[in-house]
Amino acid sequence: MWRNRKRLMQDVFKNLQFIVVVGLGISFCIPVIMLLCGSLVDEIEWAERIGPMILDNEQYIEWNWIPDYPTLVNFKELLFFRPQFLTLFWNSIGMVLLILVGQLVVGLPGAWSFAVYHFKGKRILFSLYVILMILPFQVTMLSKYLVLCRLGLMNTGWAVILPAVYSTFPVFLFYRGFCGLKREILEAARMDGASEWRIFWEMGIPLAKGGILSALVLSFLECWNMMEEPMAFLKDKSLWPLSLYLPEIGIEQAGMACCASIITLTVSLFIFVLFKDYLEMGIVSSALNESALIKREK
Amino acid sequence: MKNKKIMAAFGIFLGFMLLCTIIAKGLYTSGLPVVFVEKPTSNSLVHEVNVSGKVKEGQVYGVCVDSGLRVATIKIRKGEAFSSGDPLFQIDTNDLRSIIEMQEQKIQWLSAQKKEEEIGKKELSYAKTDYDLAVKEFDLEILRKQMELQEARDPLRLYEEYLAGTSSTVSQGDSGQVYNRKEKLEQLRAAVSRCEIYVQEALLEKETGLIMAKREVEIAEAADSETICAQQEELLAEIDALQKHKQRLQELLEANGWVYASRSGKVTEINILVGNRTQDMASILYALDEGKKIVEADFTKEQTEHLTPGCEFQIKVRQRDGSTAAESVILSYLDKKEGGDSRGEFFFENDNVALGQTATLSFKKRTDIYEMCIRKEFIHQSGVTGKSVFVVEEQEGILGTEQRVRSVPITILDENDTMAAIESVDIMLETRIVASASRQLEDGDIVRVME
Chain A
296 MWRNRKRLMQ
306 DVFKNLQFIV
316 VVGLGISFCI
326 PVIMLLCGSL
336 VDEIEWAERI
346 GPMILDNEQY
356 IEWNWIPDYP
366 TLVNFKELLF
376 FRPQFLTLFW
386 NSIGMVLLIL
396 VGQLVVGLPG
406 AWSFAVYHFK
416 GKRILFSLYV
426 ILMILPFQVT
436 MLSKYLVLCR
446 LGLMNTGWAV
456 ILPAVYSTFP
466 VFLFYRGFCG
476 LKREILEAAR
486 MDGASEWRIF
496 WEMGIPLAKG
506 GILSALVLSF
516 LECWNMMEEP
526 MAFLKDKSLW
536 PLSLYLPEIG
546 IEQAGMACCA
556 SIITLTVSLF
566 IFVLFKDYLE
576 MGIVSSALNE
586 SALIKREK
Chain B
6 MKNKKIMAAF
16 GIFLGFMLLC
26 TIIAKGLYTS
36 GLPVVFVEKP
46 TSNSLVHEVN
56 VSGKVKEGQV
66 YGVCVDSGLR
76 VATIKIRKGE
86 AFSSGDPLFQ
96 IDTNDLRSII
106 EMQEQKIQWL
116 SAQKKEEEIG
126 KKELSYAKTD
136 YDLAVKEFDL
146 EILRKQMELQ
156 EARDPLRLYE
166 EYLAGTSSTV
176 SQGDSGQVYN
186 RKEKLEQLRA
196 AVSRCEIYVQ
206 EALLEKETGL
216 IMAKREVEIA
226 EAADSETICA
236 QQEELLAEID
246 ALQKHKQRLQ
256 ELLEANGWVY
266 ASRSGKVTEI
276 NILVGNRTQD
286 MASILYALDE
296 GKKIVEADFT
306 KEQTEHLTPG
316 CEFQIKVRQR
326 DGSTAAESVI
336 LSYLDKKEGG
346 DSRGEFFFEN
356 DNVALGQTAT
366 LSFKKRTDIY
376 EMCIRKEFIH
386 QSGVTGKSVF
396 VVEEQEGILG
406 TEQRVRSVPI
416 TILDENDTMA
426 AIESVDIMLE
436 TRIVASASRQ
446 LEDGDIVRVM
456 E
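Residue numbers (our numbering), protein chains in the order written: chain A, 296 to 593; chain B, 6 to 456.
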């Protein structure tokens, strides 16, 4: 009887856990659900809902999860009558692609050298990388501004792309991925006469694919949503990414703002769904590598 | 496999976004109004004034008849031409007869009045004559008395001289002789005294007698001979005028009341009405075909702004023989009216043109060069009284360099039918001004520019 009771308690606890976790999960999703619902609401219904907030008359706003008059007019308006939104969408796509490619070209060799080779000042340099990685944008903004001005790159796309390409965060993540590779495999390849480039290109990258992809996913998400750099370095609105368009939409067009947010979110969602396995793998492998590294050092 | 499906879906999503981009850009671009632009130019404005005018009489003559006559018939119309001897209008003969009778009575009455005044004049002359006679009588009487006095004084003087000579020889003892001499002397002296008294009396009589006569004269003069003369003259003149008036009326009656034209002309004004009496003015106004002519034309307020007396116009007018005369005329007079319109007059010395003929007048005036001139169709009404134009400006937007229109207020310095000289702080010679648009523009619209 005591066992049954214990089992019952365990089942209840498990279910309770499940409910709490699911509830929490749903609550985390509430903003996205609100966006989705809001994108299906037209202007008139929006005015009725958030009118008290706009008029500032100390009344409460009303929110219906299911719209009274659902409509796709916001999507129609945004996708077919707002070329500005679509222009910035492709600006973001282009910028992010170039950044990711740049990070691959620049960051991978750097991370490989940190992970595989031992050279004088490696610790100090890597520490510097880590420090740079944790510095917020506001700290490095001025130095970046001065360098970009001197290079004549202000108010061009390269003002956003180049600093992101030379970002230290992906290097760190790539490094973590390369650290997971077994040294013996690399040594074996060296002994077989493979060149360093061949080892890097044909062994290092494929083996660290998980870490690389997870780094790229995180990088993508970071670059897709970046706001400070474009705001600081891009004066021409035609060069802006999508993240700067959303603040341009006023509260009077809340439906369209929700719609734009949904579409912006869709790309991130696709990337996440495509590469979530690698992301999980990358996170897990970095945790394992961390413990292995610690053990090795000990 | 699953990843492939997701990749495919992502690819479709991106493809869809690309398609939406193309469609959205196409719709956006096709929805933009297309504008044609022009830049302002430095130019002068030509003001052309083209009006139609009418040839009118430069000099007007009148057909006058006495006032107060009732009009029976009017045979001519305004604008009608007539020849010398043509009947113009007829006076009512019955009424004319009664007027003549009244004239006659009046003449008679005035004549009687004149006679009365002549009598009054005679009385005055009689009184004066009497006065003169009286003066003469009294003077005569005074003279007589003075002569008597003298006659009385002479013996006395002689006797006194005699007594003075004989007084020494008469001595004492002849007292009777002395007494007689004294008595005679006294008598002579008394006679002289009497005569002196008579003279004084005569003088006094003259004085009093003349006062009376003078009064008579004054009474006669109370009628004031000069006034009588003046009134006499007036009466004479009035009688004379009445007789002449009567003469004219009789002549008119002999002509059965008809008034004929003394020369050829064209009627410009008729100041009489059938059944009404003639006024104290010309009954008919007419102009001679061969007389002085003017061309009269009306100008609008906008045209008047560019005109001053002395402007040279080109005139085209059809002549009597059918040909068209083209010559220059000078604006001699400009009568400005309330509201800004005006009427101009040109002296015209062409005898071959008939009165009432329409003439075409044209005038061109070129102004100084204005810094900025645009065509008038570029200008729009802004508010109640303001004027504005749309200018195209470049602006950087999300879709790149865009052309945006902005409404700019302007001041019009001068304008003619097609062009306007403008002034504005925001407009330079390089500014692109919207000449025409495919649809109504609003301030801030994005447009496509066709140069």
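These are calculated hints, taken from the structure and not from any lab test. Some hints could be false.
Claimed, not checked - Restraint ranges, calculated between C-beta atoms of paired labels, are given here:
#1 B:Val-39 - A:Asn-520: 46 to 54 angstroms
#2 B:Leu-24 - A:Val-316: 19 to 27 angstroms
#3 B:Gly-449 - A:Asp-531: 14 to 22 angstroms
#4 B:Gly-31 - A:Val-396: 29 to 37 angstroms
#5 B:Val-39 - A:Gly-545: 37 to 45 angstroms
#6 A:Trp-358 - B:Ser-443: 40 to 48 angstroms
#7 B:Phe-41 - A:Val-396: 43 to 51 angstroms
#8 B:Leu-24 - A:Trp-358: 29 to 37 angstroms
#9 B:Arg-444 - A:Cys-332: 45 to 53 angstroms
#10 A:Trp-358 - B:Gly-449: 31 to 39 angstroms
#11 B:Val-39 - A:Val-396: 37 to 45 angstroms
#12 B:Ile-417 - A:Ser-438: 28 to 36 angstroms
Claimed, not checked - In silico contact screen, one side only, chain A against chain B (beta carbon under 8 angstroms); selected entries:
#13 Met-329
#14 Lys-439
#15 Phe-567
Here the structure is a predicted model, which means the values were calculated and not measured. Even glycine gets a Cβ: it sits at the ideal position worked out from N, Cα and C.
Hints and how they fare:
At about 39 angstroms, the beta-carbon gap between Val-39 of chain B and Asn-520 of chain A misses the expected band of 46 to 54 angstroms. Checked against the hint of 19 to 27 angstroms, the pair Leu-24 of chain B and Val-316 of chain A fails, with Cβ atoms roughly 41 angstroms apart. The beta-carbon spacing between Gly-449 of chain B and Asp-531 of chain A, approximately 20 angstroms, falls within the hinted interval of 14 to 22 angstroms. Under the hint 29 to 37 angstroms, the C-beta atoms of Gly-31 of chain B and Val-396 of chain A, about 31 angstroms apart, fit the expected range.
The given range of 37 to 45 angstroms is broken by Val-39 of chain B and Gly-545 of chain A, whose C-beta atoms sit roughly 29 angstroms from each other. Separated by about 44 angstroms at the C-beta atoms, Trp-358 of chain A and Ser-443 of chain B satisfy the suggested range of 40 to 48 angstroms. Distance hint for Phe-41 of chain B and Val-396 of chain A: a CB-CB separation of about 45 angstroms, consistent with the stated range 43 to 51 angstroms. Take Leu-24 of chain B and Trp-358 of chain A: their Cβ atoms lie about 34 angstroms apart, and the range 29 to 37 angstroms holds.
Restraint check, Arg-444 of chain B to Cys-332 of chain A: a C-beta distance of roughly 38 angstroms breaks the suggested window 45 to 53 angstroms. Trp-358 of chain A and Gly-449 of chain B have their C-beta atoms about 35 angstroms apart, which keeps the hinted 31 to 39 angstroms range intact. For the hinted restraint 37 to 45 angstroms between Val-39 of chain B and Val-396 of chain A, the CB-CB distance of approximately 41 angstroms keeps it satisfied. Our hint of 28 to 36 angstroms for Ile-417 of chain B and Ser-438 of chain A is violated, since their Cβ atoms are close to 57 angstroms apart.
Taking 8 angstroms as the C-beta contact cut-off toward chain B, the hint placing Met-329 of chain A at the interface is violated, the least distance being around 22 angstroms. Because the smallest distance between the Cβ of Lys-439 of chain A and any Cβ of chain B comes to about 23 angstroms, over 8 angstroms, the interface hint for this residue is violated. Because the smallest distance between the Cβ of Phe-567 of chain A and any Cβ of chain B comes to about 10 angstroms, over 8 angstroms, the interface hint for this residue is violated.
Checked against the numbered hints listed earlier, the structure breaks hints 1, 2, 5, 9, 12, 13, 14, 15; every other hint is satisfied.
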